[in-house]
Amino acid sequence: MTFKGLILCAVLLSISSNLKSQEIYNPQTLYDAPGGVFDVSVLRDMDLVFENPNYHSVLINAFFSNPSYRIPATLTFNGESYDSVGVRYKGNSTFCLPLDQGVPKVPYNIDLNHFIPGQKLENLKKVKLANAWMDPTFAKEITAANIYRKYLPTPEVNLVRFNVQGDYLGIYAHTESVDKQFLQKHFNEKDGVFFKCDPVQVFCGGGDEYGSPDLKWLGSDSSNYYNSYDLKSESGWGELMGLIQTLNSDFDNLGEVLNIDRVLWAFAVNSAILNLDTYNGYYIHNFYLYQTEDGLFQMIPWDFDNAFAGAILGWEYFEPELVYNFDTYGTQFTPNERPLLQKLLAEPLYKKQFDAHLRTILNESLLDTASIRDDVSQLHDVAYNAVLEDNNKAFSMTQFSSNVEDDLWTNWGFGGIMSMVDARNNYLAGLSTMAMPRPEISNMTLSNGILTVDVSLASQVDVMATTSVHNSKFETFAMYDDGTNGDLVANDNTYTSNLPYVVSGDAVKFYIRAQNSSNMQLLPERAEYEFFIYDPNASIETLDAAQEYKVYPNPANSVLNIRGTSPQKLDCTLHTMMGRIVRKKEYFGEGASLQISDLPSGAYLLKVNNKTYKVLKN
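When we follow my numbering, the leftmost residue of the sequence shown carries the number 1, and every step to the right adds one.
There could be a bad hint or two in this list.
Distance windows between CB atoms, simulated [to be verified]: (1) S65 - N557: 32 to 40 Å; (2) N66 - N113: 17 to 25 Å; (3) D45 - T467: 30 to 38 Å; (4) L322 - D535: 34 to 42 Å.
Within a straight-line C-alpha distance of at most 20 Å, the following computed EDC-like cross-link-like pairs (lysine to aspartate or glutamate) qualify [to be verified]: (5) K120 - D32; (6) K90 - E80; (7) K125 - D167; (8) K196 - E239; (9) K232 - D111; (10) K473 - D462; (11) K351 - D374; (12) K125 - E234.
Bear in mind the hints are in silico, worked out from the structure with no lab data behind them.
Glycine included, every Cβ here is placed at the ideal spot set by N, Cα and C.
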């Protein structure tokens, strides 16, 4: 059982039998299951056939003169064909560099409903294919995405063989589009203000230097921001300028317009895995801003092929140690060069929160070098023959293998995945904040509305709670160890509080935050992306022989068994706690079995005909 599973079970067992449901919200259930379109364990073919034999020259011209222009083609994937999909080229350096070399392996953007509204590929409206031109390993994008997704909403990625006009063009990274479908999946809404934060500049286009999405205040004329931010919604310049103005001149109220915790998680992952093509890296771009209905902008990362210190131009002028020891707090930047980073980390509370996130990433992801190496090895096993046959790739097969472990020195610098992980582990572990004593949280219980938790080395302990349907705007409520306010014994390191909002009857989302003068600890550690839910309206049913169906084992690891008292039709539907269907099967007989080995650990709702059961996956 995982640590999260242990925490979950401990919490559930601690609730008295007459109380209601509580579980950890597990956002990993939002991601594609094995066998889905983004399954990394298989390598599928994707075929594109254009009616126009001169498609390449048409699309090149359109890239520079009319970037939104698309031409029709037929797309085939997994045995299904899709007629009249809209195709254009995409990218920047990954488009220009192969083009300059006369190599046809450029990135593609395919819109399935551009010409035929409503057309989808396994629920995808768009297919984005990156050529991994800057990644000798073909694994950095996927490896990075697997780390990001633990801590904030992240596009999914896998590899495909891509054929155009019947010719094998090469192996591509198939990346989930950050679009309305993505927003609906992760935020349960899609119509808010939406910006792609990327400077409007073509790598090979020449011309003037354009602006940067650095979130600096440029005045009240929205046109000042057009070359730095790409508006994806019908409107939103006023809202974006409001965010920027608040950041630069009304910082105390930044939490009213920005999900600060989401930003801190993004900055922490960027720094931990040295994704330098980001706001707190060398080059400011590769993120989206989406304003949810609660009024908060959410930072969404994308484009991870330069993670693990990849593709650093002019690296020969630097010592590798300077890259691997890239300062995580932004001290290398001039004052106000990166206002969002510099202002947040200048605030002691946010600095401690950032350090707590960084420590979690270090402990959960970076230090597990065996898992990282194993994941990359599996990707290479799946992709090896396709990479071998890819005559359009930018690197040799030797480099395909060697750059996993070691740096690659060419005109650009390409950090090795494992050499970067090892060096970054050493650097982060040596930070003074990582060595300072931090609070330890254990033994959380909830009974009769009273929340208790054991905490050592803390000067302040709070329960952070909200009833927001947007899982945001957590408010601070003090917990006490003073023998009053429901606390039984003073100074015994057991902190107590009434769980906020219980009387409202709404589901309460909460986590524990403990801090001292130098450090912070959270429970769950991935808060606020994960948190506990206490729902007074969702009871945990006792599964016994008196009920119509018996469901076992519970908790389960791989198979969930359902048994009735007589042969009958069994409609079985398994939902996440947020309502997403992950299994749906129909049986006839006295029993059925649901395979759940591929599902993330956490709590689910199983509906069998007219009965609903709470089940746990370990």
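- Query: Taking the CB of L322 and the CB of D535, does the distance hold inside 34 to 42 Å?
  - Reply: violated, 50 Å
- Keeping to a limit of 20 Å between CA atoms, is the pair of K125 and D167 held or broken? Violated. K125 to D167 sits at ~25 Å, over the 20 Å cutoff.
- Query: So the hint says 30 to 38 Å: do the beta-carbon atoms of D45 and T467 match that?
  - Reply: violated, 48 Å
- Task: Assess, step by step, whether the Cα of K232 is no farther than 20 Å from the Cα of D111, and give holds or violated.
- Result: holds, 15 Å
- Query: For the pair supplied as a hint, K125 and E234, is the alpha-carbon distance within the 20 Å limit?
  - Reply: holds, 19 Å
- Task: Decide if the proposed pair is consistent with the structure: K90 and E80, CA atoms, cutoff 20 Å inclusive.
- Result: violated, 24 Å
- Are the Cα positions of K473 and D462 separated by 20 Å at most? Holds, because 15 Å separates the two Cα atoms, which is no more than 20 Å.
- State, for the Cβ atoms of N66 and N113, whether the hinted interval 17 to 25 Å holds or is violated. holds, 20 Å
- Task: With a cut-off of 20 Å on the C-alpha distance, tell me whether K196 and E239 pass.
- Result: Within the cut-off at roughly 14 Å; holds.
- Message: Please check whether S65 and N557 have a Cβ separation lying inside 32 to 40 Å.
- Response: violated, 57 Å
- Query: Under the criterion that the straight-line Cα-Cα distance not exceed 20 Å, is the pair K120, D32 satisfied?
  - Reply: holds, 16 Å
- Query: Are the Cα positions of K351 and D374 separated by 20 Å at most?
  - Reply: Violated, because 33 Å separates the two Cα atoms, which is more than 20 Å.
Checked against the numbered hints above, the structure violates hints 1, 3, 4, 6, 7 and 11; every other hint is satisfied.
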